[in-house]
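S.K.: Chain V is already provided as a structure; the job is to place chains L, D and A on it using the hints.
4 protein chains.
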Amino acid sequence: MTTPLRGVIPPVVTPLTAAGDIDVASFERSINRMIDAGVDGLFTLGSSGEVAFSTDARRREIIETVLRIVAGRVPVLVGCIDTETNRVIEHAKAAKELGADAIVITAPFYALGGTAEVERHFRLVHAAVPDLPLFAYDIPVCVHTKLPGDMLVRLGLDGVLAGVKDSSNDDVAFRFLVDDNNKAGHPLTLLTGQEVVVDGAYMAGADGSVPGLANVEATGYVRMWQAYERGDWSAVRAEQDKLAALMRIVTSTSGVAGFGAGVGAFKTAMALLGVFSTNQMPEPVLPLKGANVEAVAAVLTECGLELARTPEEVSASTEA
Amino acid sequence: MTTPLRGVIPPVVTPLTAAGDIDVASFERSINRMIDAGVDGLFTLGSSGEVAFSTDARRREIIETVLRIVAGRVPVLVGCIDTETNRVIEHAKAAKELGADAIVITAPFYALGGTAEVERHFRLVHAAVPDLPLFAYDIPVCVHTKLPGDMLVRLGLDGVLAGVKDSSNDDVAFRFLVDDNNKAGHPLTLLTGQEVVVDGAYMAGADGSVPGLANVEATGYVRMWQAYERGDWSAVRAEQDKLAALMRIVTSTSGVAGFGAGVGAFKTAMALLGVFSTNQMPEPVLPLKGANVEAVAAVLTECGLELARTPEEVSASTEA
Amino acid sequence: MTTPLRGVIPPVVTPLTAAGDIDVASFERSINRMIDAGVDGLFTLGSSGEVAFSTDARRREIIETVLRIVAGRVPVLVGCIDTETNRVIEHAKAAKELGADAIVITAPFYALGGTAEVERHFRLVHAAVPDLPLFAYDIPVCVHTKLPGDMLVRLGLDGVLAGVKDSSNDDVAFRFLVDDNNKAGHPLTLLTGQEVVVDGAYMAGADGSVPGLANVEATGYVRMWQAYERGDWSAVRAEQDKLAALMRIVTSTSGVAGFGAGVGAFKTAMALLGVFSTNQMPEPVLPLKGANVEAVAAVLTECGLELARTPEEVSASTEA
Amino acid sequence: MTTPLRGVIPPVVTPLTAAGDIDVASFERSINRMIDAGVDGLFTLGSSGEVAFSTDARRREIIETVLRIVAGRVPVLVGCIDTETNRVIEHAKAAKELGADAIVITAPFYALGGTAEVERHFRLVHAAVPDLPLFAYDIPVCVHTKLPGDMLVRLGLDGVLAGVKDSSNDDVAFRFLVDDNNKAGHPLTLLTGQEVVVDGAYMAGADGSVPGLANVEATGYVRMWQAYERGDWSAVRAEQDKLAALMRIVTSTSGVAGFGAGVGAFKTAMALLGVFSTNQMPEPVLPLKGANVEAVAAVLTECGLELARTPEEVSASTEA
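Protein chains in written order, with full-length UniProt numbering: chain V, 1 to 320; chain L, 1 to 320; chain D, 1 to 320; chain A, 1 to 320.
With the rest of the complex left out, here is chain V:
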C-alpha cells in the first residue's frame, strides 16, 4: 500500500455454510463482485465480518481466504479486534505474517481505563508491527469509548496511525476531525463507516467510506464516490437516496436486534441475490427465517434488485 487509501473500502461480510464453515465459493462470488464493481480496497474481519465471533483459527482462515481471492487486486485491511493490548498484538503479528496491507484496531474494551491508556494501546500495537499501516476503529457502540479527535491527529502526526475508520455515528465530531486533520497536514486517512449519510461525510471531507451495505450493492457506493470526486453533488445525493432506501433491509425485520438484525439482513439479502449460498450466522446468533426473510426480499424488490432465489429457499438454506 504505497499511496494513501481513498474511496470505497467495504467491510467484507463472511459467508458461512449451513454447518457454520467458511463458504469459499460464496466468498469468491461476493469479493469478485465487489472488486468488479470498482471498490478501492476491502476490510476483512471488521465488526460485520464477524471478527468477535471467530476463533483465532477461524480468523486466520478468513484472512488467508480473502487474500487468496483478492490476489492483490485491491489492498486488504484486516481487523485485529480484541480486548486488550497483548491480545491485539498477537492478531496484528498474525495479520502481518499472512500478508495484510494494513490493520484496523479499536480502543481496549471489557476493562476500561482512561484516555492515556487508550493512547498507549495504539502506540504499543504500532511498535509491535511498525511497518504495517495502522487504522484506528472508532466504534463506541461496541467498545464503549469514543476516540478523541486531538488524540487521533497526534497519533497521525507521530506516525502511529495511518487513518481512522469512524463508526461512531457522531457526525459533528467527524467534521471537526476532518478539519483538524487538514490543519495538521492531513496525516490521517479518514474513512466513514456510515451507510445512509455517506453524502454528509463526503460534504465534511471524508477520504472514503466503509459501508457494510456495499456487500449487497457496491456499484452505488462506487458511483457515489466517483460523483464526489468530480464534484457532482446532485449525483452524490441521488445515489445516497437509493442506498438509504436499500438500507431499510436492516430495519424491516422484527424480533431480532443488533448484529442479528444488521448483518443478518445483509447475509439474507446476499442469499436472496444468489451471491451467498446461505444466510447462516455465527453462534449464538440465529439466521433470519420466514417473515423476516420475506421482509428483506420485499425491500430488495422495491429497490429494483432482482432476486435469484425465493424467500422460502433462503429460509430453507439453514436448519430451523
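Derived DEER-like restraints, expressed as beta-carbon distance ranges:
1) A:G274 x V:A116: 27 to 33 Å
2) L:V172 x V:D150: 22 to 28 Å
3) A:A57 x D:R230: 56 to 62 Å
4) V:R6 x A:A57: 36 to 42 Å
5) D:L124 x V:D150: 30 to 36 Å
6) V:E229 x L:D158: 40 to 46 Å
Below are the DSBU-like pairs computed for lysine-lysine, each with C-alpha atoms no more than 30 Å apart in a straight line:
7) D:K146 x L:K289
8) A:K96 x A:K146
9) D:K289 x L:K146
Keep in mind that the hints were calculated from the coordinates and are not lab data. Bear in mind that the values here come from a model prediction, so they are computed numbers and not experimental data. For every residue, glycine included, the Cβ atom is placed at its ideal position computed from N, Cα and C.
M.R.: Chains L, D and A only, in chain V's frame:
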C-alpha cells in the same frame, strides 16, 4: 402561519443584564440583526434560550419581549418545555394567549414511561391547544428519550404534529424520518437542530434548520439555505465549512461543560461582537471569564469577525 | 423540626379521583394509616408523589392538603423539584410559606453542566430559604447526575444541607457516604430511598428510610426500623424479606414501564386494599387495568394482605 | 466439586514481575495466604485476574500455576471470558483439560444481540463442556448486558448453570434473584461480587462472596462469613465496616480510572504488604507510582495493617 415553515429558524439566545434581568436593548439588537440577515422564523424559549432556567413569569416576559420586537416580521415558535403533560399544557395555553405562531414541546422527562405515554402526551397537548401548530422537539440529550420516526409520522398524519425539530444528533434516524415523511405525503416540517452538519441534513432533505450558532452569525446560515434552495451544493458546503470553523467557539474553552460551555460561548461571542451588553448566564451557571473569553475571541478573529469589544471588557461585564 | 429526623419517612403517594382531581378522603385514609403505623415523618411531592406531573397550583393543593391532614403529628418534608435554580427557589418559597418542615431538591436537570454548578445550585436554594432544612435528593435515574459524596458532606458541614435522600441505587457509594458523614461529625441525616435492601442500608448505618412501598404497608417498615434501633438484626432481615415479597407488585405487571409500573402498582394495591378509591394516574400515564390489576392482587394475597375490593372493581374505578 | 460451593471465593489477582511475566513466588505467597486464612475456593482469570489482558498462552500459564499452587486444597473456578460463543468454548475446553473445578463466563460482548442469544450462548457453552459446573458472571459494567433473573433461574433448573457470580451492583435485582432461586428449589449457587456491601448481600441470602479485596485481607471476609453462618449479624456488620474502610485504597488515588485504579490499588497494597514483589500492571495500564502509592499506604496504615515495604520501594519496583 398559513404556509409551512421552511428555511432558517434560529433558536433565540436570551440576553441578560449583569443583574440577571432580561436585557431588552440587547434583545432588540440581536433579533433585528437575525431578521435583517433574512431568517425565516425564530424559536424562542428553546434549550439554548434558557427555557429550563426561566420561571413562569420570566418565560412570559421573554415571549412578550420577543413578540413585541419581532412584530410579525417572521413567525415565532415558542418552546413550552416542562416535565409532564399538565405542566406543558399550562405553558402552551400561555403561549397561545400571548400570540405564539407555533409551539415546540419535548417528550415527558424526569419520570419516564413507555412509548405509548410519549405519544399520548403529544396528543393531549395538541387537544388542549388544537389550533396552534405543534412541533415535537427531539432532544434525547436533555429528555433521555429518542422519538421514534414512525410515531412522528403517525402524529403528523393525524394532524397532531406540524413538524419536528431534530436535535437528536442521530443523522441516520433523521434521514429515515425524511424518507418516511415524504412517503406519507410530507405531513411534517422537518427541521434539523444541527450546526456543523447542516449540509448533510439538507442532503437528506431537511425543510430547514434551527442552528443556535445563527445567533452569532445568521448570514452564513441564510446563504447556505439559499444555496440549497437553488441546488448549489458547492456553495452549501463552503458556507458550512466556514460555520463549522466558527462553531469552535464552543470547544475552545476549558473547565466548563454542557450549557455553560455551549450557550456560554454563544453569549460571549455576542458580547464580543457588541450585540449583547454582557455574557451573563442564568443561575446556577457562571459566565465565561478571562482565558475562556480570550479563547472565544481568538476563534472569532480567526474566522474574520470583527470584535466590537475586548475580552477584558466582556469579562468585566459581569461580576466575578 | 428541632431534632434530627430519623426513622421511616414514606414518600406520600397522591390519590386521584377518576376525574384526575385530588381525592381528599383517600388522602386522609392513607396518611392517617401511615401515621397510625408509627412513621416518623412524611415526604410529599417526591417522585412517587407525582411532583413532576403536578402544576404549580396542584402542588400547592397537595402541600396544603397533606399539612392539614397531618396537623403537626409528624414532620412533613416537601419536594421542590424543578429543572433549574430559579424555578426551584419559587417552589421552595411556596413550601416555606405553606408551612413545610423541610424541603427536598434534586440536582439541576434538563440542561446539564458540571459539578461546580450542582454545588452552586444547592447553595443558592439554601440562601433563598435559609431557615428551612434542605435535603438533597440523589436520584440519577430521573436527573442523570449522581451527587458526589464529598460535595454532600461539605454542604452538610457548611450548613447548606440537613440531609440526603439517597435514591441512587448505588449502595457502595451510600456506604462510603455514611462513613464520610460519620468522620465529619454526622452533619447529614442520611435516608435511603431503597425498598427491598433497606436492611443493607441499615447495616451501612442509614439514619432512616423513605420507602414508597410504605404507602401500601407501613407497619413492616416501622417494625424493621424498631428492630434496627434495638439491634435485632434477625428481625430486621425477616421484615425485609416479607416486604421484598410484597414489592413484587411492581414487577408483576406487563406492558407498562417506569412510573406507570411502579407508582401504578402502588396505587392499584392501595385501591385493592380499600385505602384509595381509584388507581387513577396523572396524564399521560394510564392506570393499570384488567390482568395487571389481577397480578397485583395476587401478590397482595400471597403476602397475606386482605383485599377490600375485587380486581374488577378497581379496574372499573377509572375509565377505559 | 461434589458439594455446592459456599463461602468466600476470592478472585485471584495475578502478580507480575517488573518485566511483565508471571511472578510465581508472589503468586505462591498470595494464594497460600488466602488458603491459610480459610477461604472456601478461588476464582482465577476473573476481571481483576486480568483475563482480558492475557493472551491464550498467558491464560494457560495462569491456570496451570494456580492449580499447581492450590494443589486441590480448595476448588478453583476459572474465568473463560471472551467476546462470543466459539471463542468462549475454546477457553472452556482448555480450562477443562487443565483441571478446572468449574468455569465462569459472561454474556457475549462486543457485538450485542437480544436476550434469546444470551441464553443460547450459555446453553451452547454448557453443551460443549457438559460435566464442568458453569457459573454465569453478571458484570454489565464490562459486557453491557444485565442478565435477567428469570433466565438465570431457568438455566439453573435446566442444569445449564451451577451458579451466578453477581457483579452487577444491582442489589435489588440480586435480592429478587435470591428469592426466585429459593422458590425454585435453590438450583443456583449465588455469589456476590460486592466488597463493601457484602453484609447486605448476606442479609439478602447470598451463598457466598467473591471479593477482590480479599486478596489484600482475606481473614476479615472469612470472619464475616463465619459470623453470617452462625447468625451473628453484629459481627458481620463490624467486619464489613472494617473492610469498607480498607476498600478506600481504590478511591484514594488520583489521575487513574477503572482497572488501573481498582486492581492497581490491590496490587500496590499487596506490594506494600510484602506479598507481591511489584505492583506491575498488564499493558496498556501503568502501575501506581509516587503519591498514589503513598495514598494506598496511608489507608493500609490507618486500617492497622503493617507495611513490609515503603512506598518508595514499591514505586521503585517497576520502571518509570
